[in-house]
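Trainee: The chain contents come next:
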Amino acid sequence: MKALQFEQRPLRYVAAAAAGRLRPGAGATVGPLRLRSIDPPELPGPGWRHIRPRLAGICGSDLSTIDGHSSRYFEPIVSFPFVLGHEVVADRDGVDGSDRVVVEPVLGCVTRGIHPPCDACAAGDLGNCERIAFGALAPGLQTGFCCDTGGGWSTIMAAHDSQLHPVPATMTDEAAVMVEPTACAIHGVLTAGIDDGDTVVVLGAGTLGLLTIAALRRYTPAGVVVAVAKHPVQRELAAALGADVLAEPDEVARAVRRVTGTLAIGDGSITRLTGGADHVIDCVGTEDALAQALAVVRPRGRITLLGMPGRVQVDLTGLWQREIQLAGAYTYGTETLADGTRRRTFDLAFELVEAADLGRLVGPTYPLRRYEEAIAHAAEAGRRGAIKIAFDLRHEKERARR
Amino acid sequence: MTRPGFVLEVDRSTPPVLFHHGEQFRLERLPAGRSRIIYPAEPLEPIRHPEAAIRHALCNPVGDSPPLPALLRPGMRLTIAFDDVSLPLPPMRRPDIRQRIIEQVLDLAAAAGVDDVELIAALALHRRMTESELRHAVGDRVYDAFAPHGLLRNHDAEDPDNLAFIGTTDRGEEVEINKRAAESDLIVYVNINIVSMDGGWKSTATGLASYRSLRHHHNVRTMTHSRSFMDRHRSELHSSNWRMGKVLRDAGVKVFQIETTINNDVFGTEGPLSVLQKWEWTARDRATFLALQKGLDRMPARLRRQVFHSWRAPHAMTSVQAGEVEAVHELTTEHVYRQHLVPVEGQTDILTMGLPYICPYNVNSIMNPILVMCLGLGYFFNLYRGRPPVREGGVLIMSHPTPWAFHPVHHPSYIDFFEQVLAETTDPVEIEQRYEEQYAYDEWYRHLYRTSYAYHGVHPFYMWYWGSHALAHLGQVIVVGGDPRAVRRLGFRPASTLADALEMASDVVGRDATITHLHNPPILMADVT
Numbered sequence: 001m002k003a004l005q006f007e008q009r010p011l012r013y014v015a016a017a018a019a020g021r022l023r024p025g026a027g028a029t030v031g032p033l034r035l036r037s038i039d040p041p042e043l044p045g046p047g048w049r050h051i052r053p054r055l056a057g058i059c060g061s062d063l064s065t066i067d068g069h070s071s072r073y074f075e076p077i078v079s080f081p082f083v084l085g086h087e088v089v090a091d092r093d094g095v096d097g098s099d100r101v102v103v104e105p106v107l108g109c110v111t112r113g114i115h116p117p118c119d120a121c122a123a124g125d126l127g128n129c130e131r132i133a134f135g136a137l138a139p140g141l142q143t144g145f146c147c148d149t150g151g152g153w154s155t156i157m158a159a160h161d162s163q164l165h166p167v168p169a170t171m172t173d174e175a176a177v178m179v180e181p182t183a184c185a186i187h188g189v190l191t192a193g194i195d196d197g198d199t200v201v202v203l204g205a206g207t208l209g210l211l212t213i214a215a216l217r218r219y220t221p222a223g224v225v226v227a228v229a230k231h232p233v234q235r236e237l238a239a240a241l242g243a244d245v246l247a248e249p250d251e252v253a254r255a256v257r258r259v260t261g262t263l264a265i266g267d268g269s270i271t272r273l274t275g276g277a278d279h280v281i282d283c284v285g286t287e288d289a290l291a292q293a294l295a296v297v298r299p300r301g302r303i304t305l306l307g308m309p310g311r312v313q314v315d316l317t318g319l320w321q322r323e324i325q326l327a328g329a330y331t332y333g334t335e336t337l338a339d340g341t342r343r344r345t346f347d348l349a350f351e352l353v354e355a356a357d358l359g360r361l362v363g364p365t366y367p368l369r370r371y372e373e374a375i376a377h378a379a380e381a382g383r384r385g386a387i388k389i390a391f392d393l394r395h396e397k398e399r400a401r402r
Numbered sequence: 001m002t003r004p005g006f007v008l009e010v011d012r013s014t015p016p017v018l019f020h021h022g023e024q025f026r027l028e029r030l031p032a033g034r035s036r037i038i039y040p041a042e043p044l045e046p047i048r049h050p051e052a053a054i055r056h057a058l059c060n061p062v063g064d065s066p067p068l069p070a071l072l073r074p075g076m077r078l079t080i081a082f083d084d085v086s087l088p089l090p091p092m093r094r095p096d097i098r099q100r101i102i103e104q105v106l107d108l109a110a111a112a113g114v115d116d117v118e119l120i121a122a123l124a125l126h127r128r129m130t131e132s133e134l135r136h137a138v139g140d141r142v143y144d145a146f147a148p149h150g151l152l153r154n155h156d157a158e159d160p161d162n163l164a165f166i167g168t169t170d171r172g173e174e175v176e177i178n179k180r181a182a183e184s185d186l187i188v189y190v191n192i193n194i195v196s197m198d199g200g201w202k203s204t205a206t207g208l209a210s211y212r213s214l215r216h217h218h219n220v221r222t223m224t225h226s227r228s229f230m231d232r233h234r235s236e237l238h239s240s241n242w243r244m245g246k247v248l249r250d251a252g253v254k255v256f257q258i259e260t261t262i263n264n265d266v267f268g269t270e271g272p273l274s275v276l277q278k279w280e281w282t283a284r285d286r287a288t289f290l291a292l293q294k295g296l297d298r299m300p301a302r303l304r305r306q307v308f309h310s311w312r313a314p315h316a317m318t319s320v321q322a323g324e325v326e327a328v329h330e331l332t333t334e335h336v337y338r339q340h341l342v343p344v345e346g347q348t349d350i351l352t353m354g355l356p357y358i359c360p361y362n363v364n365s366i367m368n369p370i371l372v373m374c375l376g377l378g379y380f381f382n383l384y385r386g387r388p389p390v391r392e393g394g395v396l397i398m399s400h401p402t403p404w405a406f407h408p409v410h411h412p413s414y415i416d417f418f419e420q421v422l423a424e425t426t427d428p429v430e431i432e433q434r435y436e437e438q439y440a441y442d443e444w445y446r447h448l449y450r451t452s453y454a455y456h457g458v459h460p461f462y463m464w465y466w467g468s469h470a471l472a473h474l475g476q477v478i479v480v481g482g483d484p485r486a487v488r489r490l491g492f493r494p495a496s497t498l499a500d501a502l503e504m505a506s507d508v509v510g511r512d513a514t515i516t517h518l519h520n521p522p523i524l525m526a527d528v529t
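Chains as they are written, first to last, in our numbering: chain Z, 1 to 402; chain V, 1 to 529.
Among the hints, a few may not be true.
As the list claims (entries may be wrong) - Here are some, though not all, of the chain V residues that point toward chain Z, as calculated from beta-carbon distances under 10 Å: (1) Phe289; (2) Pro403; (3) Phe406; (4) His407; (5) His411; (6) Pro412; (7) Asp416; (8) Glu419; (9) Thr425; (10) Gln438; (11) Asp442; (12) His447; (13) Leu448; (14) Ala454.
Said to hold, decoys possible - Per label pair, the in silico range of CB-to-CB distance: (15) V:Arg221 x Z:Gly261: 23 to 33 Å; (16) V:Leu273 x Z:Gln321: 25 to 35 Å; (17) V:Ser452 x Z:Arg383: 32 to 42 Å; (18) Z:Gly261 x V:Ser452: 18 to 28 Å; (19) Z:Arg383 x V:Arg302: 23 to 33 Å.
The set of hints was computed from the structure by calculation and includes no laboratory data. Built from N, CA and C at the ideal position, the CB exists for glycine as well.
Use the sequences and the hints to build the structure in full.
Mentor: Okay, here's the thing in structure tokens:
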């Protein structure tokens, strides 16, 4: 089968990091990512099956890996070589789309054959699994970063039955491939503890930022939502999905000040606000974004890191002096809603994808052989008028072979 | 006798014409046979002995006013208010006219035994003047005698303890001015009337007022009903100020008005800038200009700005009159017109103009896009009497780099206005209704206005309103050589060259459209019949 495989090649990784700094996405050309013909992954145990990806999205964490920006934090919790791709809609059986599933990629205790499961998995909070480097599988926090499972950027991958969510017949593949990132966004906004009328700033309006805006509107009582968007297509979609105020990255402090009516430190230019937003949800994950979040969140407000950060250097004096909460939000599991009910994040995501027509965020798509082009496009999606770039596996020849 | 302003019909032999372009210049060729250029008058002869003329004016007032010495007595409270940094343009060489006048007024006050004297920069909602700007305006001697004791101050329109509500006009306009001035036995107001809009009751009723008062005439309705605001008798802006003046007078506020006019000597007769003053160039002038242009083009933008803003114009005084406000202002207006009015026959389809580096609100600062709009559509467009030189539905083409750049200290609320308000709408009425109060009462802007050097939060709105008559009159506005993104945010169309702009204009006014070029500065005012 064909697969985009990422190998443990330190020199190539260094080259990717250098290239990625020069041009986002260039790591795909010189780095450890290669299109290969390999055998389908062996099934790791009972409850596992082969599935055939139809669409597989390119996520920010994938790009970070390809361009050599990922933190070394991940080294013990991934296993090489791995096939990338964790945003996946696939055929569970056959190839004609009559039995489609979305993959919930977290490799928790159940997939690893660990009994009894850890406390987090027992509670349904898969994202917090304490055993992602243990059990029947090689280390790997998710499908797409584990050598035993394969990934969505291939024609065949392995998945555990517990990871598969059936796709309603009325849902398009484009919509279905948005379920996984939408679940991330929902988890982020629901863990933030947003109260009625809270002002929320969403930093970044790529896929995750836009989905966060949609999630805020559907699942929280947020008041004014300020979206920080760099590109016209992002601004348009942010407004359509429920943002009240749009600001460019260098306009955010002024925008938040106007919304909240706070004072500001700075003689006309704004160094930081004295008050600010109740919440900032950072969907970017960079040093600048975190600094910006700290500058615009109110004292005792909360910053939720939803975008994947890495090593950053940030002055935390303000966090201390203003008693700001800084918390991460990773993947999904089970959520507690305002009325106290507990629901799987993926179930909520299916609902939101349909309700907000999130399939419209997908495109263009690429075949695997044009992966360098696809990665380059994804790395500059906003600037080139796109949001979610995906691989379209539906027409790959190898797909039909058994 | 100096050469009056005139209109030149462009033919094939007409050389390229100078367009100011911010801190640079462009030479543009206008289409022959359908273009005309309005040139300003040469600088009027200045008064030879300004000190003597001032003394004469103070002692021989016009209108129903005793001479100034007769109004001064021991124990009285005297307030001298003076125009702020927005006048004149560019700032004039020392000694500033305000210094000359204030020194004489103070000499008379001292001679009369007046010892309760305060000086106030009548800046309304403009930014506060810095120490060096105040020193330039009033002179070191006056500054050192008054400022250290808190007796020379910038007007603070947001100081509730230092504002006095005077009353309401018969149209319901509230009059609230500086308390020290209102409670003085006499206000002596010192004007520099660079254009016909300046002076009269506008000096006190606007310069010393608060937002509560200013909002009654600094609004869209007033500006669209002023045809133009440079023509006092057809200006609703002035009618409102005159009504407020009556309220002040009826309440017993006594004003001794001193108005002065200056000539058009902006660039002088020596040095490379002097070519900008001439309408016809010799070969040597042309070479000088090209060297100037090349030098400027090579300079970094920041240095170029610094060079221009350090320029002090050799303006000279052409008249001084003092006494009762309205009588003084009538005379002043005649003198302003004598320098500025140029007879022009009929309107054209297109009006072109090159916008210079400075306007009243960016002295020692950045001409941001909102100020570009205000200078072009507010000031220059309104420099007419009778009718605008461009027909209704016509096209305005102005040349300016229009950078997306702001001076954060001077113009903090402008940045928000540009990022928030203009991103939503450019319609002055909608802007006024939806956003004005939010900005006017914003606590941070208020803080910066009072303690830093920021224009008041509402000021960018006034800049936009200033252009509302032009916005309603014109079919299209095109900016040549501007930052396309900034130009579009203003609601205008960007063009790379004048030729492109004329081509774009043809969509609105046809291919053989007639063109008027306003060769300003030096300042001119089209008297269109």
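Trainee: If a hint holds in the structure, say so; if it doesn't, say that too.
Mentor: The hints, checked one at a time:
Hint status for V:Phe289 relative to chain Z: violated, with the closest Cβ pair at about 36 Å, above 10 Å. Contact between V:Pro403 and chain Z, as hinted, is not supported at the beta carbon level, the nearest pair being about 15 Å apart and thus beyond 10 Å. A distance limit of 10 Å between C-beta atoms decides the matter here; for V:Phe406 the minimum to chain Z is near 9 Å, and the interface restraint holds. The closest approach between the C-beta of V:His407 and any C-beta of chain Z is roughly 8 Å, which is under the 10 Å cut-off, so the hint is satisfied.
About 7 Å separates the beta-carbon of V:His411 from the nearest beta-carbon of chain Z, less than 10 Å, and the hint is met. For the restraint placing V:Pro412 at the interface with chain Z, the shortest Cβ-Cβ distance is roughly 4 Å, inside the 10 Å limit, so the hint holds. A least Cβ separation of about 5 Å between V:Asp416 and chain Z falls short of the 10 Å threshold, and the interface hint therefore holds. Annotation: V:Glu419 was flagged as interfacial toward chain Z, and the flag holds, the nearest CB pair being 5 Å apart, inside 10 Å.
Among the interface hints, the one on V:Thr425 is violated; its C-beta lies about 14 Å from the nearest C-beta in chain Z, farther than the 10 Å criterion. With a least beta-carbon distance of about 8 Å to chain Z, the hint placing V:Gln438 at the interface is held under the 10 Å criterion. Checking V:Asp442 against chain Z by beta carbon gives a least distance of about 7 Å; that is within 10 Å, so the hint holds. Because the beta carbon of V:His447 sits about 7 Å from the nearest beta carbon in chain Z, less than 10 Å, this interface hint is met.
With its C-beta approaching chain Z no nearer than about 6 Å, V:Leu448 sits inside the 10 Å limit, and its interface hint holds. For the restraint placing V:Ala454 at the interface with chain Z, the shortest Cβ-Cβ distance is roughly 6 Å, inside the 10 Å limit, so the hint holds. Distance hint check: the CB atoms of V:Arg221 and Z:Gly261 are about 28 Å apart, consistent with the given range 23 to 33 Å. Taken as a hint, the range 25 to 35 Å is violated for the pair V:Leu273 and Z:Gln321, whose Cβ atoms sit roughly 52 Å apart.
For V:Ser452 paired with Z:Arg383, a C-beta distance near 37 Å keeps the hint of 32 to 42 Å intact. Between Z:Gly261 and V:Ser452 the CB atoms are about 19 Å apart, so this pair conforms to the stated range of 18 to 28 Å. Checking the proposed 23 to 33 Å range against Z:Arg383 and V:Arg302 shows it holds: the Cβ atoms sit about 29 Å from each other.
In this structure, the hints that do not hold are numbers 1, 2, 9, 16, in rising order.
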